[in-house]
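> Here the structure of chain A is known, so what remains is to put chain B in place on it, guided by the hints.
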Amino acid sequence: EPEVTQTPSHQVTQMGQEVILRCVPISNHLYFYWYRQILGQKVEFLVSFYNNEISEKSEIFDDQFSVERPDGSNFTLKIRSTKLEDSAMYFCASTLAGMAGQYFGPGTRLTVT
Amino acid sequence: AQSVTQLGSHVSVSEGALVLLRCNYSSSVPPYLFWYVQYPNQGLQLLLKYTTGATLVKGINGFEAEFKKSETSFHLTKPSAHMSDAAEYFCAVSAEEYGNKLVFGAGTILRVKS
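If you're matching them up, the sequences are chains A and B in order.
Residues 1 to 113 (my numbering) make up the first sequence, in order.
Residues 1 to 114 (my numbering) make up the second sequence, in order.
Note that these hints are calculated values from the structure, not bench results.
Please note: incorrect hints may appear among the correct ones.
[Unchecked claim] Listed next, the stretches of chain B that the computed footprint assigns to chain A, with coverage defined by at least 3 CB atoms under 8 Å from CB atoms of chain A:
id, segment
1, 45–55
2, 100–111
[As the list claims (entries may be wrong)] Simulated restraints on C-beta separations:
id, chain 1, residue 1, chain 2, residue 2, range
3, B, Glu-71, A, Arg-80, 43 to 49 Å
4, B, Gln-45, A, Pro-8, 19 to 25 Å
5, A, Asn-52, B, Ser-14, 48 to 54 Å
6, B, Thr-77, A, Ser-27, 33 to 39 Å
7, B, Thr-77, A, Gly-16, 45 to 51 Å
8, B, Leu-7, A, Ser-27, 35 to 41 Å
9, A, Asp-71, B, Ser-14, 46 to 52 Å
Ideal placement from N, C-alpha and C gives every residue a C-beta, glycine not left out.
Just chain B, with the same shape it has in the complex:
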């Protein structure tokens, strides 16, 4: 069984500040890990993913995440927040096998203050 916990349902940062969105996962099998972003009234857009290999993965819009197996974490970061980053972010896990379902966290709403 798999699960995802996202710490903080709401995160607020100032424009230009570091963004850190936390994600911890539980998986009985080696996981694939994902971050998705959802802008208002839109679908889910894949930001980045970890499957195998390099544990630091880079995604779109300057975001990156690091897979830490010992901490069962996959936190999302961006060095400098932009107003356009305001959205809801979802961490998700799937089993290490193509075609498997995604199990989502509850989501974190990111607010960027000017």
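Chain A with its partners taken away, still in its complex shape:
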């Protein structure tokens, strides 16, 4: 069964460093998303991406964040200058056009020290 994959599974970085989280969505899906879950808190929406542009973003998704689909398979989330409060599990998700419900990857645990 096709699945969303994410790399790395765990990333440790120092405050102020840039990180790139990578995702490979399911191949025929057209909508892509990033969510995050701070330890002990709700899963929160960050951004959605469709047709090579951001379709919606939350207030969390400020200028420090960016997303890109550099080729036909990868979808990346970049955090330009990480803060301690960016420590969280980051989930990538994708869905097919005309389908309700998103398929999630296993997540990348980001630890900012």
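Only chain B this time, still in chain A's reference frame:
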């Protein structure tokens, strides 16, 4: 705006007993409703969804949920709990439109006692 409230951050049942996980939603537009399950160190797996039509929806692993518009609820049930059902369960809502973001509840951790 949309929101989800899951009553009970922890639910404990005996193996073979009924599982009932509660979810209430708020939505200014007709909602799509979802239940996801998260096993330790894994991603979120879609259990079931309600979009339109039949209000009782069946999902994987014997779970089902009923959409009750008058009660703004979408409770998850399973007649007989199995040890393998121990996990965290998330209710989520999105606007009735494909491609929209999911808004999640806080999650309910289900413990199954032998």
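> Give a verdict on every hint.
How the hints compare with the structure:
| no. | hint | in the structure |
| --- | --- | --- |
| 1 | 45–55 | holds (count 4) |
| 2 | 100–111 | holds (count 8) |
| 3 | B/Glu-71 - A/Arg-80: 43 to 49 Å | holds (45 Å) |
| 4 | B/Gln-45 - A/Pro-8: 19 to 25 Å | holds (21 Å) |
| 5 | A/Asn-52 - B/Ser-14: 48 to 54 Å | holds (51 Å) |
| 6 | B/Thr-77 - A/Ser-27: 33 to 39 Å | holds (35 Å) |
| 7 | B/Thr-77 - A/Gly-16: 45 to 51 Å | holds (48 Å) |
| 8 | B/Leu-7 - A/Ser-27: 35 to 41 Å | holds (39 Å) |
| 9 | A/Asp-71 - B/Ser-14: 46 to 52 Å | holds (51 Å) |
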